[in-house]
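Asker: Turn these sequences into a full structure, and let the hints guide you.
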Amino acid sequence: MATNSAIFEPFRNAVTKSGIRSCMGKLFDLHVQIERQCHRNNTRINEVELPRLWIVSPTASVELLASFNTTVDEENWSKDIYFLG
Numbered sequence: 187m188a189t190n191s192a193i194f195e196p197f198r199n200a201v202t203k204s205g206i207r208s209c210m211g212k213l214f215d216l217h218v219q220i221e222r223q224c225h226r227n228n229t230r231i232n233e234v235e236l237p238r239l240w241i242v243s244p245t246a247s248v249e250l251l252a253s254f255n256t257t258v259d260e261e262n263w264s265k266d267i268y269f270l271g
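Residue numbers (this note's numbering): 187 to 271.
Hints in this document: simulated from the structure, not taken from any laboratory.
Where is the CB? At the ideal position from N, CA and C, for every residue including glycine.
Some hints here could point you the wrong way.
As the list claims (entries may be wrong) - Have a look at the derived ranges for each label pair, beta carbon to beta carbon: (1) Pro244 with Arg207: 15 to 21 Å; (2) Lys212 with Pro244: 17 to 23 Å; (3) Ser247 with His225: 20 to 26 Å; (4) Ile267 with Arg207: 17 to 23 Å; (5) Phe194 with Arg222: 20 to 26 Å.
Answerer: Shown next, in the form of structure tokens:
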């Protein structure tokens, strides 16, 4: 989780669809800022170097997870970590 730069968004209560969209908006705004900075400096950034978003929620419904087309990677991560589609 901390290998690359990241945004951590902790939620005390169950995260909502709106909360996830808001977190994603922050992530995309940050990506745009980084890309603009690279453009100004005439440098390139590799996609894997862009910050990742980690949303920490005490619970998430099956419906919420399905609405974002989440997947699990139990081979490399805990079964309670979901990746957005």
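Asker: All hints, please: hold or fail.
Answerer: Right, here's what the structure says about each hint:
no.: 1; hint: Pro244 with Arg207: 15 to 21 Å; verdict: holds (19 Å)
no.: 2; hint: Lys212 with Pro244: 17 to 23 Å; verdict: holds (20 Å)
no.: 3; hint: Ser247 with His225: 20 to 26 Å; verdict: violated (40 Å)
no.: 4; hint: Ile267 with Arg207: 17 to 23 Å; verdict: holds (20 Å)
no.: 5; hint: Phe194 with Arg222: 20 to 26 Å; verdict: holds (23 Å)
Figure legend: structure checked against the earlier numbered hints; the only hint not met is number 3.
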